[in-house]
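Peer 1: Chain residues, written in single-letter form:
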Amino acid sequence: MSGATRAEVCAVAVAELFRGDGEVLASSFGTVPALGARLAKASFEPDLMMTDGVACLVDGLQPLSGAAEGEPVVEGWLPFRQVFDLLWSGRRHVVMIASQIDRYGNHNFACIGEHARPRAQLLGMRGAPGNTIHHTTSYWVPEHGPRVFVEKVDVVSGVGYDRARQLGAAGRFHEIRGVVSNLGVFDFKTPDRRMRLASRHPGVEVEQVVAATGFELEIGPDVPETRAPTADELRLIRERIDPEGLREREVKG
Amino acid sequence: MDKRTSLAEAVAELRDGMTVGIGGWGSRRKPMALVREILRSGVRDLTVVSYGGPDVGLLCAADKVRRLVYGFVSLDSIPLEPMFRTARQAGRIEARELDEGMLQWGLYAAALRLPFLPTRAGLGTDVLPINPELRTVRSPYDDGEELVAMPALHLDVAFVHMNRADARGNAQFLGPDPYFDDLFCMAARRRFLSCEKIVETSDLRKAGSFHTLRIHRGLVDGVIEAPGGAHFTECPPDYPRDEAFQREYAAAARDPAAWSAFRARYLDLASEEEYRRAVRERSAAR
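Taken in sequence, the protein lines are chains Z and Y.
Residue numbering for the first sequence follows the working numbering, starting at 6 and increasing by one per position.
Residue numbering for the second sequence follows the working numbering, starting at 21 and increasing by one per position.
Among these hints, one or two may not hold up.
[As the list claims (entries may be wrong)] Label-pair restraints from in silico Cβ distances:
1) Y:D163 to Z:E221: 35 to 43 Å
2) Z:D64 to Y:R155: 40 to 48 Å
3) Y:R300 to Z:W82: 29 to 37 Å
4) Y:K217 to Z:F34: 33 to 41 Å
5) Y:A32 to Z:G25: 53 to 61 Å
6) Y:L287 to Z:E230: 51 to 59 Å
7) Y:R267 to Z:G208: 36 to 44 Å
8) Z:G58 to Y:D22: 38 to 46 Å
9) Y:G164 to Z:E212: 46 to 54 Å
10) Y:S222 to Z:Q171: 57 to 65 Å
11) Z:Q171 to Y:A290: 55 to 63 Å
12) Z:E80 to Y:V157: 35 to 43 Å
Just so you know, these hints were derived from the structure itself, not from any lab.
No residue lacks a Cβ here, since even glycine has one placed at the ideal position from N, Cα and C.
Bound conformation, chain Z alone (with noise of 0.2 Å):
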């Protein structure tokens, strides 16, 4: 379908990170991961858990701003001691916003500069280390360029493939599904598990990737396009998820 902005595509290629998970409770930092998510379980991921952001767990289409559709349903309660034992019980798939991100996916979005003197203090570890080392983890990027996609990262929060395979067993619940930015979609599908462009979104070109990009990709000889979304996703999306169009001031065209 066509005339789909450049946020819809990026909440459908969020959406579609969480293909196949069933149920797990999935998280989403940002407008269009949530949208991505919400859209996920109303269409093709139904058994998807989410919370209100509070401590409930609810069930039913929840829009974005929570006017439209009435009050969900509260299936279950789920304050954070709760939220940590299921993180660490794997049963969940977060994606969380990257500050930077190296070519092994290790995430960063404690702190620029030193750690001892940060440059700019940003949100700290949060539960960054935790959740990349017990369950799926994916990322979203805003506004994809180069001081966000780094050589190398000032701090590592969130664990990428290199470090997580030098752990051994320990590493053996790490899982970067994907890397979703305004420009494409990433994955680690390579033999050293390195970032991997999987697909560009309509409208971008290769080279303008590659531009934004402070490091190597990996690159195959045929990039195909991000999908676009379907009918029904975009009247989901305009209609029932996000009528505010708050996605749009997320990611601009």
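Go by the hints and put chain Y onto chain Z.
Peer 2: Quick look at chain Y alone, frame taken from chain Z:
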């Protein structure tokens, strides 16, 4: 035993260099009246253990913090805590930054009087190099897995804020999440609990089911009735976060002149009563 006391008496137990645990999470149900009392005291060089919010920001701004043990510091609706950022970027605090779950594990280990609890969280990340005291431990069983040995986080004093309590320290949360307040109390040598309202023990069950009685009197040394004691963080169902006030705080934090004015108006006051009056006057002016 009647454990009712005052903010001043509770904070008077602090000594320079002590380790203080602060309950709540981000900008949610923080014992802010107790934090404001620390600001009024002369105590300094504290090690603060917190799922950090404006408690950490205010203590950093007042130069009370030597070391901070945390997973994050956030105002929730404003993701980055401005005073914490300033202190970090000036290199003014020793940052013992951990994964959020490791912090829980450290409190739990202290609560259970164990030297450590094992976890995978932290492996493969810079949590280990930035916390040089952390050690790993090998499983003694056939798997032989190497894990982080998260050491017990022993607290000298814990401060938490709950919705209701009785005079003996049985306490109740009425909001959606108990956070880790009971663990903070269990990990501490001295435990002080502020609450919105002190009620008769027999009235606790009128406000919520027994599941909400998260903290029992064996975990508490002092109880303080502090209505609005979590302001400007949220304390549902008693009150939501004062977002307008929080925005004013965050804006003031970015500008020295505005910060002086903010301090004079809300922090350099003789008592929590004066703070409450200043907040009321602010609301009335709008």
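Peer 1: Look at the Cβ atoms of D64 of chain Z and R155 of chain Y and judge whether their distance stays inside 40 to 48 Å.
Peer 2: Since D64 of chain Z and R155 of chain Y have Cβ atoms about 43 Å apart, the given range 40 to 48 Å holds.
Peer 1: Assuming the hint says 55 to 63 Å, is it satisfied by the Cβ distance from Q171 of chain Z to A290 of chain Y or not?
Peer 2: Since the Cβ atoms of Q171 of chain Z and A290 of chain Y sit about 57 Å apart, the hinted range of 55 to 63 Å holds.
Peer 1: Can you let me know if the beta-carbon spacing of R267 of chain Y and G208 of chain Z is within 36 to 44 Å?
Peer 2: Given a distance of about 38 Å, which is inside 36 to 44 Å, the answer is holds.
Peer 1: Is it true that the C-beta distance of G164 of chain Y to E212 of chain Z lies inside 46 to 54 Å, as the hint says?
Peer 2: holds (48 Å)
Peer 1: Regarding K217 of chain Y and F34 of chain Z, is the given constraint of 33 to 41 Å on their beta-carbon distance met?
Peer 2: holds (36 Å)
Peer 1: Range hint 38 to 46 Å: satisfied by the CB atoms of G58 of chain Z and D22 of chain Y?
Peer 2: Given about 40 Å between the Cβ atoms, the range holds.
Peer 1: Between E80 of chain Z and V157 of chain Y, does the beta-carbon spacing fit 35 to 43 Å?
Peer 2: The hint (35 to 43 Å, Cβ to Cβ) holds, given that E80 of chain Z and V157 of chain Y are roughly 38 Å apart.
Peer 1: Look at the Cβ atoms of S222 of chain Y and Q171 of chain Z and judge whether their distance stays inside 57 to 65 Å.
Peer 2: Holds, at about 59 Å.
Peer 1: Does the hinted range 51 to 59 Å hold for L287 of chain Y and E230 of chain Z at CB?
Peer 2: Cβ of L287 of chain Y to Cβ of E230 of chain Z: about 56 Å, so the range 51 to 59 Å holds.
Peer 1: Can you tell me whether the CB distance of R300 of chain Y to W82 of chain Z sits inside 29 to 37 Å?
Peer 2: With a Cβ separation near 35 Å, R300 of chain Y and W82 of chain Z satisfy 29 to 37 Å, so the hint holds.
Peer 1: Using the Cβ atoms, figure out if D163 of chain Y sits within 35 to 43 Å of E221 of chain Z.
Peer 2: For E221 of chain Z against D163 of chain Y, whose Cβ atoms are near 37 Å apart, the range 35 to 43 Å holds.
Peer 1: Mind checking the hinted window 53 to 61 Å against the Cβ distance between A32 of chain Y and G25 of chain Z?
Peer 2: Once the Cβ atoms are compared, 59 Å apart, the range 53 to 61 Å for G25 of chain Z and A32 of chain Y holds.
Going through the hint list in order, the structure satisfies each hint without exception.
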